[in-house]
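Participant: Read off the chains here:
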Amino acid sequence: MREDSLTLYQLSTHLAQVVKQGLPNSYWVEAEISELRVNASGHCYMECIEKSVSGAIIAKAKATVWAKQWLAISAMFEQQTGISLKSGLKVLMEVCIDYHPLYGMSFQVQQLDPTYTLGDLQRQRRDILTRLEKEGVLELNKQLPIPLLPQRIAVISSPTAAGWGDFYDQINSRYRFDIQLFPAMMQGDQSPLSIINALDQIAISATNFDIVVIIRGGGATSDLHCFDHYELGAACAQFPIPIIVGIGHDRDINVLDYIAAISLKTPTAVASYLVDKMEQQEALLEGLSEILIQTTRNILRHHHQKIESYSYRLITHTKEFTNSQHRTLDQFRVQLGMQVPFYFKQKGLQLELLEQRVGLNSPQTILAKGYSITTHKGKIIRNIDSLSVADVIQTRLKDAIINSTINKL
Amino acid sequence: MEQNMNYEAAIDRIQQIIRSIEAGQADVDQLYKEVEEAVALLEFCKSRILSTQQNMDTLLQQIHPDSK
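These protein sequence lines map, in sequence, to chains A and B.
Heads up: the first sequence at position 400 corresponds to 400 in this note's numbering, and the numbers run straight through without jumps.
To convert, take the position in the second sequence, counting from 1, and add 1000; that gives this note's numbering.
Derived from the structure by calculation, the hints contain no laboratory data.
This structure is a prediction, so every number in the text was calculated from the model and none was measured.
Don't take every hint at face value.
[Stated by the list, open to error] The calculated lysine to aspartate or glutamate pairs, modelled on DMTMM-like cross-linking and capped at a C-alpha distance of 25 Å, are:
hint, chain 1, residue 1, chain 2, residue 2
1, A, K277, A, E139
2, A, K306, B, D1012
3, A, K319, B, D1057
4, B, K1033, A, E320
5, B, K1046, A, E308
6, A, K319, B, E1036
7, A, K319, B, E1022
Using the sequences and the hints, build the whole thing.
Facilitator: If you want it as structure tokens, here you go:
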């Protein structure tokens, strides 16, 4: 035994003093939490690590948050990041270095900077999205057409979650939906694989479904980090049926929100969306029916009017035609009526002239002028050739007849 | 009138008859026959429209029962 040897406790106490004196300040340190547990007294014990680029652990240390700080620190962290402190997260924490003879070296956490973790999560999310984009699958689910009538619905949810109940209540409308639940764990590190399993189940009978709905009740501090998962993102992106997510959050969006064909805030919103789609189609159909009815009625009305106008034209023009024929005939009659009396008048005049002319040369006229007509045996005597002495002749005057006997010729 | 007369042909013939009467080109001896033909064709067209309308109403009622 050497005189200058120390007991373990002596050395450890010395070490503790050296550490305290040599590293009296607090330090901001970046590290990844590899283990985290809170014991019955409310103290939080973490295992912190740092990995190399290749993934090998190159540093490891214990860190402790005492119960009196733990509640405030964890609540503030959750409130700002939307997730709870847990293994796998990268954190920036202010620590004091403590060496305890019994418990060894540990970091006493004073405070955490949630923005660092937030930034790291965003970077992880970006990395997943960038990877999916490089693989050419990022937009695949978004590019699937949403069926006009999404009635056959595969729901991935936890059957006990409030979100499932909200969804079921809201979708209960006058439209018929065929809903089949594919149970899955919707939070915790197991949830990505659980959801992938549910997707695999749905894929077996993919033709039976129009749409896949992934929902989860929206707790106040939802742990959405589990959805920023490469395999889950890849499975959703390449799923052959459009996916609608409603995983109950109003903070920033996660990988599933990017990948899914449609991303809505809550299960209730998803159900409303589906009911709205049905309503839109119904309204569209009603509109089309209305147009069809109006258009056919207009066409028929148009033809009806056409026929009416032809009937009218046929009647009026036929009447006009026959009227004009009547008028022509009337004209002929009028012309005839005028022509006939004229004709007879003309003839009458002619007759009168003739009569006059006859009258001028009649025997009475001549006798009245003083001439006389002498006859023998009823024949007018124009010369003496047929006369003999003793013949009796008659001489007619205007007012008398003289009978004479020829004495001498 | 032909047995399998169609609406369009009937309309054409009606127009032809009316135009000829309008233009005063009708022959009085033919007038009765032509008007008789036109009236028959108009009746045919009317009944065709009416039956189409009835069929259409029945049909449209199937999609829109309260559109009467």
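Participant: Sort out which numbered hints this structure fails and list those numbers smallest first.
Facilitator: 3
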